[in-house]
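Asks: Protein chains in written order, with our numbering: chain A, 826 to 1195; chain B, 17 to 571.
Just so you know, the hints here were simulated from the structure itself, not pulled from any lab data. Heads up, a few of these hints could be off.
Which chain B residues face chain A? A few, computed with CB under 7 Å, are given here [claimed, not checked]:
#1 Val66
#2 Asp67
#3 Gly68
#4 Leu72
#5 Gly159
#6 Ser197
#7 Ser203
#8 Thr204
#9 Leu205
#10 Gly206
#11 Asn208
#12 Arg219
For each residue, glycine too, the CB sits at the ideal point set by N, CA and C.
For reference, the chains in residue letters:
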Amino acid sequence: MTTAHTTPAKELRISRLDKSYAMSRGRSVPAVRDFNLTLAPGEFVTLLGPSGCGKTSVLRTLAGLEDFEAGEILLDGRSIARLPAHQRRIGLVFQNYALFPHMSVFENVAYSLRLRREPDRQVRADVAHALEAVGLSEFGPRLPGQLSGGQQQRVAVARALVMKPDLLLFDEPLSNLDAKLRVQVRAELRRLQKSLGTTALYVTHDQDEAMSLSDRIAVMRAGRVEQVDAPEAIYARPATLFVAGFVGKVNALPGRIVARGADAVTVETLGHRLEQPAVPGAPGPDVLVLARPEALQLVEPGPGMPTGTVEMIEYLGDRTEYRVRVGSTQVTVIETALARHRRIAEGEPVGLAFVARAIHLLPPEAGTPS
Amino acid sequence: MADAVALPGGAQEKIGRGWGLLLLYPVLAAFVLLFVAYPVAELFSRAVMVDGKPTLAVLGKLVADPFSRKVFWNTLLLGAVVAVLGTVIATAFAYAMTRVAIPLKGMWHFLALLPTISPPILMALGLILLYGRRGLVTHELLGIQTTALYGFRGLVLAQLISYFPFAYLLMLNLFRGLDASLEEAASTLGANAWQVLRTVSLRLLMPGLAGSVLLLFSYSFADLGNPLLLGGDFPVMSSQIYQSIIGLYDIPQGACLALLLTLPAVLMFFAHKQLSARTAFATVGAKGSSRHRLVRHRGARAAALAFVGLVSLVIVLQYMTIIAGATTQLFGINYTITGKHLVAALTKSRGALLDTFTLAVVSSAVSVVLGLLIAYFVARTELPGRSWLDFVANLPLAIPGTVIGLGFALAFSGPPIVLTGTAAIIVIAFSVRSLPYGIRSGVAALDQLHRSLDEASTTMGATGGQTLWRVLVPLVRPALLAGMVFSFTRSVTTLSAVIFVVSPHWSLVTPTILSQMDRGDVGEAAALSLMVVVMVLLVVHGVPHLLGRDWREAR
Ligand SMILES: Nc1ncnc2c1ncn2[C@@H]1O[C@H](COP(=O)(O)OP(=O)(O)OP(=O)(O)O)[C@@H](O)[C@H]1O
Ligand SMILES: [Mg+2]
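Isolated chain B, as found in the complex (with noise of 0.2 Å):
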């Protein structure tokens, strides 16, 4: 590597002469303000603003109200009980993939993330063929007309198999990252494999743990399609601002409920935040192995290999159902097989996937080329304000989707700037939506580089701006198209943030499940669902082959 000889000027010489990438930074911070703070403010003023003048009215009228204060707490318990139990799950899970000797941990593994690439409302769907008025199982095979799913039992376990996934991929990652010497101490020093995981794995797990309830709450706060479909009579507030809005068209208290549910999901996001800084200490060293030894004990070989077997037939029976009612005439009446489902969400919804598919991939290259400037400026420049752009453009993790998306609805719906109706408003709000993870494969791509790298072109004559691209670009590709696929995932499977922004010129297959599931078409909506999940599969499998080996390794 050529010997990066400093020049006169140093960073500002630099800097100076990069201007050509500087001047998207202020279209960045724009873009940032506009369609984050912006939105969000907006949102909020509706809540404290009647008719053009301040108020806590709306804000007094929803605190004092025995109903609202009943729909916080029970967003609240909601929350808590599918973070902690979904804690347990996902942490036994994926301490029996990283610790015990079970056969098949592949497949396993692959059907324990399956949920995580699929629409949340799916789950919701699956349930009800399966344990509803007319389910499957509750009607079909025991015989009992009940609604026990409807309320909070359906709601927990809906979220559970939604979101445990995304907890055990923290703790898989933790479990792996252990320092297994210190595991192999404890056990030379007379610890059985439970005291060895009780005394020594869960105590430096501890911020892991913390930070997979804290994520569990917050997928559960956000969460819109589970409790439209399967709330019942226990209301919690995403479904309640739905309810204002779409059902009573009362902004100022659909406004008030998406501030009152922002709140806590801030406060969580930043304890996360804080913790997740603190498990960093946990995981192993330089000098630490992270080769562990596996448990042979018959007993628990066997207990976990029931435990991971039993929670991946929850999710299969899911899918198969799924399949079951895409497939059939109309599931829980006529089990008559039909192709006629799925050819109507390839005619009918045809117009839906593809837009669908469209917006997600090119606001997936949206989010992550924004990101990968935001995250180029903020670790690579000390240009003021940075970490505020850095700070905003972050929000998007921590505020829920539904609050982000009637955000959207309320500012760009009148001056200065209409959006409705358009692809662009459905565009920007997946972007917004994405916007952290691209900066996140957007750092993490930079951080891969060696900083004599961009040092040694920069003074080989190039600007900032050619630096960015001949040098860096290529390098980062990896990590860029990883957050591509992680973004269009998302994009696809939401139904909070775009539920208020869809229009008939433009739609999208979430939103189409539900009024389908709302009509009672559930042909249709399982055959539709089962089309997300296939080309969200071929996507997250495809992209890697198609681009072979270096990519899949990178991630």
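Only chain A is shown next, with the shape it has when bound in the complex (with noise of 0.2 Å):
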């Protein structure tokens, strides 16, 4: 597909979104509470977020099928929160792809132009660059029930972007496919929405697809959204420990500041001070120390360093995941398979090593559940 077919990007802003859903007896339960996000023209977004969060919610009500009691949808400054579905030119990609049963392959990408009643010849060229640009050109004939579950998926990605939409929304649209498939698949997706241009919003609860994916990830709890940010900035400098928690494995150790300097503060943990870079605002006196377990090495013990036994120890192939106890804490130390020539014992003393510049600093309460 060319640029030439594509609008240009537009800018999702969602602001203080309140969603529920009614129960029996005119109770409610909340799913999406003052819900803040933009997305800038092109960008790809991805909601992560444990089940039930509110994920599906939130798209659900961006494309017009359920109702909202607050809160303003804008693209490129126009409101869409009162137009109903079918006007919203926003492309959704199912979880399950509600391809239409009926219809071949190529009418079902055919739809939404058959719809706007474009000249048939019009409807075949981009039906045919659509399927081209999701691989899928033989497969026009076909009917849904006849092909593999990826390219299933591949044919609700191309009948949502053969519209051109403003905006195109995906909720776990590679949770069907096996793990392999699902890698191969969701390279393809970043690659087609790239050259496309068009704004995307992505639900997923998986981590790494989320990573390797997105532009900026939000992370969702409980309707919310916790923290917005760049992948690499989501797992190094979370914003809470539940952030850290949901992208990772993470050691929250207390620890205290100890010295200020200019730009560096000193922060002592487990017994241990450590130098850090100064951030402007930085949490203090007492903070919350994370330390993703490959951010700590296991040493020969000596003077000077946080000392422990290990207590578990468990080989993951290409990985391998230590349990050690350190007075009254356990952390959890992962290495890589070749770093190590001689093994380590269960109930062995080993020291510990901070990984330069590779811990981050919260406050105490960004700990607790909110």
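Reassemble the complex: the two chains are provided individually, in unrelated frames, and hints are given to aid placement.
Replies: Encoded structure:
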């Protein structure tokens, strides 16, 4: 598909969105609360969060498939909140693909164009483009039931793309595919979205998927956005312990800032002092020290370092995970398989070294559930 | 759950030890042969045998006779119009109920289903009182004296009201079952509500629509009450069969007509069966959603409400008229309020009410027990001939009630088995007609059970019979009771299946209503109809209440 076919990308601004579901006897359960998110034109943002946190609800509200109580949805500054679904020009790729079983692949993709009464020649050209873009040129005459899961998924994408939507929404589109295919298709999706430049919001609860696909990730928790940032920032500088824990394993250690310099602070944790680059507005003096398992290394025990005993070892092929008890805390250390020649045994005393500048400091209250 | 360790000998062992239950298999087979196959065969043999010699003369004469040909085409025409119009109404009604935000849905649903628990003959009665020669609307309000109701138009109207609810139930379940995400996908792709309906929902429901057409077709074919009361100069097959037998006492001709009526009916039935097998694909899968978004568009809501309200109004008018007819001296002539018809219904016709109730209860139990056993043999054993048993036992679904009733009357009026005038012939006719539903509820009941459950019990040392009683029956009771209620309703409201087998000893309500109307006793007919509706309503709504929550949820 050539860029000549695409409309200029739009900015999406969601502000103060509240949505709840009506239950029996007048009760209602909140699903989305005070949700704020802005997507730059052409940006690919992922909503990441645990099951039931409201991801699907946000998408369906954007697509016009759900009513909501409060908030505003703006596309390039124009409100679409009151438009019915069929007037929103928002493409939604469903988790189960929702291909029309009674139409061929071609007719599925052509559906939106036919509704707009595009001339037949135009329809055929556009559908051919879209099918080519997802690598399914040969499959036009087939029925959806005659395709594999991955192929169906790509038809669903082509069907959403062909109408040149102002916004593309994906609801866990890869969750029905096997692990290998998932990796392959997500790369294709990313390439496709980049080449089209359509603003996209993507829902998943798979952190790898979110990390590899997104320009930015919005981590959701209980109907709210907890943090929006680039994947590296989410991983390395999570705003809360929840975010940190959701995108990977993390050691949360109590610590104290004992000295502040011009461009560095000294933090004490596990009875050990670490230098850390100073950031403006850094918390203190009590802090929560977040250290990813790979930010720690096992070394020969010696003076001036935290020491402990290995309590458990888990070999995971390309890496090994250690649980080490240091005083009253247990820390997790992950080493790549090739990093160590001599095997460590359970019960062995070890020393811990911090990888330089790899820890992150949070105010202690960021670790409590909100 | 206990690990079911396979016993040596496997299935054979299992069947061998359930010999007690197996003894019932030949008994069941004999019952089905004797009371389903034999009467129908006897009826058809009367059509092609005269004085013990095979002949096609009667059939030939009938086919050549222009009047008979007209009757045949009339039947098809009426069936086609009712089938198509009824499907349109049922589909629109079901769409309004499942996809449009309209108030009072529970009430509309209840009203739409009222005709399914009333004798169809009640519709004819209501229509006559409202729109007949001295009808409330035609004569009193419009001041015209017209017979326009009698004939094609009246029949269409009466059959639509009587039978569209069955199609509505079918379409309702199909609309509910459609995968909501397909309709949502269509709307995100730019389709408005009408386009979604036209290009997605209705396309997916195509087999269901065709199924509804065939269903209504067969109901129209089988209807006897409405053609008898409203037919006028538009004779159809069922009423002609009645005339041949009761009026002319021409059994060969009646039998031939019955044969000619059965052929298209059976064809439709098998076409319908084929289609229902296909509808299954269109319904929601494991990953789909069945939470459908409701249309909020003001115009659409107003239109849907107006439509649903209008259809309900027509139905309500029928029942109000029946009530009025039952409580006035002579509806159409003298509108003085009186309780005498209601009293008469409970005194003079008490025998008919009690007989109907008793016989219908007994036969609903019979059909459900037989249905469960047949379902068990068909689904859980490898016995030879079980698919034939299933086929024959299900035939009463396809064969019009008039044909079954006439077959009974002919087959059991002489040797080898004489049942004329007994309660048994009525109970058996009821049971045979309900047997397919009994089987269906039996299949549903058995399907609910995990197979391992009955295997576990068998390996624990129970015989097949004990398995059925101890383990299965308590778990399947809800489905069986639902089957009984359904079968009861069907028996109480049928006219066609019993009109040829009633006797002075055992009177039934529907033939009684018919003869009351023949005599011009509309008040008594209305009062008795009302009693029937009340009786069925009490059973349909009362039984679940008596049995408690779990039963209603199981439905
Ligand atoms: N139709 C509904 N009726 C009532 N509650 C609902 C409905 N749909 C969702 N919810 C509730 O709203 C909350 C958010 O649901 P939502 O489907 O948006 O979560 P999600 O983040 O997409 O979860 P998942 O990852 O499991 O798909 C949940 O608590 C859920 O139980
Ligand atoms: Mg979801």
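Asks: Next step is simple, just say for each hint if it's right about the structure.
Replies: Here's how the hints hold up against the structure:
This hint is violated: Val66/B has a C-beta 53 Å from the nearest C-beta of chain A, more than the 7 Å allowed. At a threshold of 7 Å, the smallest CB-CB gap from Asp67/B to chain A is about 57 Å, leaving the interface hint violated. With a cut of 7 Å, the hint placing Gly68/B at the interface with chain A is violated, because the nearest CB-to-CB distance is about 56 Å. A hinted interface residue such as Leu72/B counts as satisfied when its beta carbon comes closer than 7 Å to some beta carbon of chain A; here the least separation is about 46 Å, so the hint is violated.
The beta carbon of Gly159/B comes no nearer than 49 Å to any beta carbon in chain A, farther than 7 Å, and the hint placing it at the interface is violated. Restraint check, Ser197/B versus chain A: the minimum CB separation of about 4 Å is within 7 Å; hint holds. With a cut of 7 Å, the hint placing Ser203/B at the interface with chain A holds, because the nearest CB-to-CB distance is about 4 Å. Hint status for Thr204/B: holds, given a least beta-carbon distance of 5 Å to chain A, under 7 Å.
Against a cut-off of 7 Å between C-beta atoms, the interface hint on Leu205/B holds, since the closest Cβ of chain A lies about 4 Å away. Contact between Gly206/B and chain A, as hinted, is supported at the beta carbon level, the nearest pair being about 5 Å apart and thus within 7 Å. Using the Cβ-Cβ criterion of 7 Å, the hint placing Asn208/B at the interface with chain A is satisfied: the shortest such distance is roughly 5 Å. Satisfaction of the interface hint for Arg219/B is found here, the shortest Cβ-Cβ separation to chain A being roughly 5 Å, below the 7 Å cut-off.
Checked against the numbered hints above, the structure breaks hints 1, 2, 3, 4, 5 and satisfies the rest.
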